[in-house]
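Novice: Here the protein sequences line up with chains C and S, keeping their order.
FYI, our numbering numbers position 127 of the first sequence as 130, with every residue one higher than the one before it.
FYI, our numbering numbers position 149 of the second sequence as 152, with every residue one higher than the one before it.
Any given hint might turn out to be false.
Chain copies aren't distinguished; within one or between two, either way the pair holds.
Cross-link-like lysine-lysine pairs, in silico, DSSO-like; alpha carbons within 30 Å at most [to be verified]:
no.: 1; residue 1: K33; residue 2: K126
no.: 2; residue 1: K33; residue 2: K55
no.: 3; residue 1: K55; residue 2: K126
no.: 4; residue 1: K126; residue 2: K52
no.: 5; residue 1: K52; residue 2: K33
no.: 6; residue 1: K33; residue 2: K196
no.: 7; residue 1: K196; residue 2: K52
no.: 8; residue 1: K55; residue 2: K196
No wet-lab data here; the hints were simulated from the structure.
There are 2 protein chains.
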Amino acid sequence: MAERSRRIPEATVARLPVYLRALVDESDAKASTISSERLAELAGVNAAKVRKDLSYLGSYGTRGVGYDVEYLVFQMSRELGLTHDWPVVIVGAGNLGQALANYGGFRDRGFPIAALFDADAAKVGDVVHGVEVRSLDDLPALVADLGHVIGVIATPAHAAQEVADRLAAAGVTSVLNFAPAVISVPEGVSLRKVDLAVELQILSFYQQRREGGPDADDGAVPPGRPAPAVG
Amino acid sequence: MAERSRRIPEATVARLPVYLRALVDESDAKASTISSERLAELAGVNAAKVRKDLSYLGSYGTRGVGYDVEYLVFQMSRELGLTHDWPVVIVGAGNLGQALANYGGFRDRGFPIAALFDADAAKVGDVVHGVEVRSLDDLPALVADLGHVIGVIATPAHAAQEVADRLAAAGVTSVLNFAPAVISVPEGVSLRKVDLAVELQILSFYQQRREGGPDADDGAVPPGRPAPAVG
Numbered sequence: 004m005a006e007r008s009r010r011i012p013e014a015t016v017a018r019l020p021v022y023l024r025a026l027v028d029e030s031d032a033k034a035s036t037i038s039s040e041r042l043a044e045l046a047g048v049n050a051a052k053v054r055k056d057l058s059y060l061g062s063y064g065t066r067g068v069g070y071d072v073e074y075l076v077f078q079m080s081r082e083l084g085l086t087h088d089w090p091v092v093i094v095g096a097g098n099l100g101q102a103l104a105n106y107g108g109f110r111d112r113g114f115p116i117a118a119l120f121d122a123d124a125a126k127v128g129d130v131v132h133g134v135e136v137r138s139l140d141d142l143p144a145l146v147a148d149l150g151h152v153i154g155v156i157a158t159p160a161h162a163a164q165e166v167a168d169r170l171a172a173a174g175v176t177s178v179l180n181f182a183p184a185v186i187s188v189p190e191g192v193s194l195r196k197v198d199l200a201v202e203l204q205i206l207s208f209y210q211q212r213r214e215g216g217p218d219a220d221d222g223a224v225p226p227g228r229p230a231p232a233v234g
Numbered sequence: 004m005a006e007r008s009r010r011i012p013e014a015t016v017a018r019l020p021v022y023l024r025a026l027v028d029e030s031d032a033k034a035s036t037i038s039s040e041r042l043a044e045l046a047g048v049n050a051a052k053v054r055k056d057l058s059y060l061g062s063y064g065t066r067g068v069g070y071d072v073e074y075l076v077f078q079m080s081r082e083l084g085l086t087h088d089w090p091v092v093i094v095g096a097g098n099l100g101q102a103l104a105n106y107g108g109f110r111d112r113g114f115p116i117a118a119l120f121d122a123d124a125a126k127v128g129d130v131v132h133g134v135e136v137r138s139l140d141d142l143p144a145l146v147a148d149l150g151h152v153i154g155v156i157a158t159p160a161h162a163a164q165e166v167a168d169r170l171a172a173a174g175v176t177s178v179l180n181f182a183p184a185v186i187s188v189p190e191g192v193s194l195r196k197v198d199l200a201v202e203l204q205i206l207s208f209y210q211q212r213r214e215g216g217p218d219a220d221d222g223a224v225p226p227g228r229p230a231p232a233v234g
């Protein structure tokens, strides 16, 4: 049970799903082995980082051959807890919640939508992509029933903190927040945030570069700014 | 115009929006300066990396004081091309497309939704959150009219490649793909992908760890696997 106590750095954990996606694509393309260089290219990191990350999983590959694709897929799936399904409850049955309930990428990868909740009594009882919209009052009973679930917040920004509080109170210990708001959760609850605007900002960076650099008048640092030193 | 030729590593570019978000939050909380340690904590990286990343922007902070929050916000906004709006065209007026059209986080951060397209003639003419759904046939004329836009693919997986081809043909050079499909774009087009399942996988990793480790029978590496070597 060496794995259970081994500490995997957070940044490595965040890269595992990216590696896994690339490996599944390679596997679909019938590749049986993969070099760290190729995996690095697909994942957008350098090869040394790939080797280091995989070493945390106890995988070292074979010189001149690389890594066994199927085995890495198995190993990562196991590390990521993907060898069984994790039911997801979505709070917020608006467009985003409905879109998430219908997003093929969740169900296909072991995250079936167990329930969709909404605070609006008028929406309760609606059926969205085969999932009935339920009242938030039913949340604690459902969580008690399902055991471990992942709670997804898909409400407007102003409702996000209250929903996070209700999820935590119901015993949900993994929360994914899509609302464009900063929220907090009690200790012992994992919180991740998806900021849909970040990718647009990265694209605008490259678009602007193609157009000739930052659009300030002269691209120079304004006067009167701190001299170089360590912050 | 030193900025215009300076090369900022891709990984740094990807962190800039994360820093920016943290800095805007700090600014909202009335902080006037921030240490690299604090910014590192907020962004989930280490302080040395923050200092290195900011040095690419020509920002070095002041020893014992840190960085000027407002100035960093200005500088990053400029680098990211956020000092003017970038119109966004969304292809796919289903739930996800509608959710994105209505997602407050886009408009608020300089990415107004300029148009929503759908291949389904029955949807054309509908008005979604104030945006009329248009036929994909109108795409080239609209792009020619708006100049640089960011194209967002919010179709089902099977339609994503065709839409990417049509965006590129219309002259769109920045594409963000939400469809759970791997697509390719011509050289000169920036492509980013949002994989909504990645965050769930990271949460399942931590959830599983709390429950006692990988759920394989004994957590050990199966027999018959390659011995340590470099892949």
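Novice: Hints first: check each against the structure and report whether it holds.
Specialist: A quick look at each hint next to the structure:
no., hint, result
1, K33 with K126, "neither (46 Å within a copy, 39 Å between copies)"
2, K33 with K55, "within (25 Å within a copy, 40 Å between copies)"
3, K55 with K126, "neither (49 Å within a copy, 49 Å between copies)"
4, K126 with K52, "neither (48 Å within a copy, 47 Å between copies)"
5, K52 with K33, "within (25 Å within a copy, 38 Å between copies)"
6, K33 with K196, "between (34 Å within a copy, 23 Å between copies)"
7, K196 with K52, "both (24 Å within a copy, 21 Å between copies)"
8, K55 with K196, "both (26 Å within a copy, 25 Å between copies)"
Consistency note: the structure conflicts with the earlier hints numbered 1, 3 and 4.
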